[in-house]
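Engineer: Sequence:
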Amino acid sequence: MSSQAVTRRNFLGTTAAASAALAQSEAPNEPIEHARKVALDMLRPSQRDLDHGLELHANSIVFDAYAAGPQAAIDGDAMRKAMEAGASEIELHDMNEDMFMTRAAVDPAERAEFLQAWKASGVTCVFQVCGEEGSDPLVLIKRLARFTYLTDSIRDILRHAVFPDDVRQAKRDGVGCLYFGGNGVPLTQAWVSVEDELRYVRVFYQLGIRMMHVTYNRRNRLGDGCAEPANGGLSDFGRAAVDELNRVGVIVDVSHSGWQTSLEAAQRSSKPMIASHSTCGALYEHIRSKPDNVIRAIADTGGYIGICCIPRFLRHGGGITALLDHIDHVVRKFGPDHAAIGTDVAYQSRHTARETAKLPERQKGRTRWAALWPPDNFKTTDRMKQSMAWTNWPLFTVGLVQRGHSDAVIQKIIGQNVLRVLEANRGI
Numbered sequence: 008m009s010s011q012a013v014t015r016r017n018f019l020g021t022t023a024a025a026s027a028a029l030a031q032s033e034a035p036n037e038p039i040e041h042a043r044k045v046a047l048d049m050l051r052p053s054q055r056d057l058d059h060g061l062e063l064h065a066n067s068i069v070f071d072a073y074a075a076g077p078q079a080a081i082d083g084d085a086m087r088k089a090m091e092a093g094a095s096e097i098e099l100h101d102m103n104e105d106m107f108m109t110r111a112a113v114d115p116a117e118r119a120e121f122l123q124a125w126k127a128s129g130v131t132c133v134f135q136v137c138g139e140e141g142s143d144p145l146v147l148i149k150r151l152a153r154f155t156y157l158t159d160s161i162r163d164i165l166r167h168a169v170f171p172d173d174v175r176q177a178k179r180d181g182v183g184c185l186y187f188g189g190n191g192v193p194l195t196q197a198w199v200s201v202e203d204e205l206r207y208v209r210v211f212y213q214l215g216i217r218m219m220h221v222t223y224n225r226r227n228r229l230g231d232g233c234a235e236p237a238n239g240g241l242s243d244f245g246r247a248a249v250d251e252l253n254r255v256g257v258i259v260d261v262s263h264s265g266w267q268t269s270l271e272a273a274q275r276s277s278k279p280m281i282a283s284h285s286t287c288g289a290l291y292e293h294i295r296s297k298p299d300n301v302i303r304a305i306a307d308t309g310g311y312i313g314i315c316c317i318p319r320f321l322r323h324g325g326g327i328t329a330l331l332d333h334i335d336h337v338v339r340k341f342g343p344d345h346a347a348i349g350t351d352v353a354y355q356s357r358h359t360a361r362e363t364a365k366l367p368e369r370q371k372g373r374t375r376w377a378a379l380w381p382p383d384n385f386k387t388t389d390r391m392k393q394s395m396a397w398t399n400w401p402l403f404t405v406g407l408v409q410r411g412h413s414d415a416v417i418q419k420i421i422g423q424n425v426l427r428v429l430e431a432n433r434g435i
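Just so you know, my numbering puts the end of the sequence shown at 435, numbered straight through with nothing missing.
Among the clues, some could well be false.
To be verified - Derived CB-CB ranges, DEER-like:
#1 366 x 37: 48 to 56 angstroms
#2 434 x 162: 35 to 43 angstroms
#3 170 x 371: 27 to 35 angstroms
#4 364 x 44: 20 to 28 angstroms
#5 339 x 206: 41 to 49 angstroms
#6 99 x 162: 54 to 62 angstroms
#7 228 x 35: 47 to 55 angstroms
#8 415 x 91: 28 to 36 angstroms
By construction, these hints were calculated from the structure, which means they are not laboratory data. Quick reminder that beta carbons are idealized off the backbone N, C-alpha and C, glycines included.
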């Protein structure tokens, strides 16, 4: 997107132009355009706010504090053949995951989808989750390998960033980049000593990981996850893990941790730490939210809370205006240095439905271990989700302009706060 002012009419038509370099992307992308129209209908910005917000977005470093980036469609024919050959559930899971994470590297149509979505978002860098929800090093390394392969394969449009200056250079060069994060601290589970258990933190740092969850939803050796009713806090080993993450240069992330675990991790951390994709419990109390005392403790480390785009966590209407309400709460109560946006959503290829339809029906499996979610009767509507589609990132900036935030404050929220915390956590 150019840096000159963009009108409402040509903004809605920019998705095709953004990908004109690839023949497969010359046709308008209807899902992207529909999502934009939904968000604009909710926001109803003045022409002045729209033009200014889009220009500011285009000229700023935009850093999604936690997301999955554009996801490719699977190869339905290949998956069907594997199923017919008797592939195990583990094999099928890995095959499916590998495809939606990496097919942009090998399939021209999926690469075009990836580029079109990325350009539409105006995002410079995504803190890409590159680990499953757990602590097994062999499990964690699978996704890390896939995104390393992706960035190695399409480095002309997407790079792997390992230092903040890599993000700044990507902005200057007009390409995207991924910072790698993990959903768990790698543990051998041998328990010979604390030092032995934590030795893989440095290894994963050397592989490019710059952020790790203390817990996921469940309790682990470090502390209680957000879905555990006990809310038991950080363990003795968890305190040692926070120390090691600080020492090595990996950001401590408590997005899926219980409130007491989050609070004690913040009190322990000697470097800025974060809740990369969460919400404000003062606006709606959900297990994935953080109450004000926890946000204050995170802010006191110099860190930030990234507000996510999940309607059931935001409530208050569950759409883009709710997202802005939560950001406003952080800015008003804790200051603009402590707010970010970690969408926790992804663009899905338009080819997904077609390819998935090629698969035979499968019996529903058991709930996976990590997915500990209490019952919830909230009804998420398509309109809520569409208003916060990942490709609507420019309209998040427009919404912040509408709310009266200065350009300097907005630039902190949409990118500079993440860069600052990365700088403060530079490793050994």
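Engineer: Take the hints in turn and mark each one as holding or not.
Structural biologist: Hints, one by one, checked against the model:
1. 366 x 37: 48 to 56 angstroms: With a Cβ separation near 24 angstroms, residue 366 and residue 37 fall outside 48 to 56 angstroms, so the hint is violated.
2. 434 x 162: 35 to 43 angstroms: violated (23 angstroms)
3. 170 x 371: 27 to 35 angstroms: The hinted range 27 to 35 angstroms is violated for residue 170 and residue 371, with Cβ atoms some 44 angstroms apart.
4. 364 x 44: 20 to 28 angstroms: holds (27 angstroms)
5. 339 x 206: 41 to 49 angstroms: holds (43 angstroms)
6. 99 x 162: 54 to 62 angstroms: violated (30 angstroms)
7. 228 x 35: 47 to 55 angstroms: holds (50 angstroms)
8. 415 x 91: 28 to 36 angstroms: violated (58 angstroms)
Consistency note: the structure conflicts with the earlier hints numbered 1, 2, 3, 6, 8.
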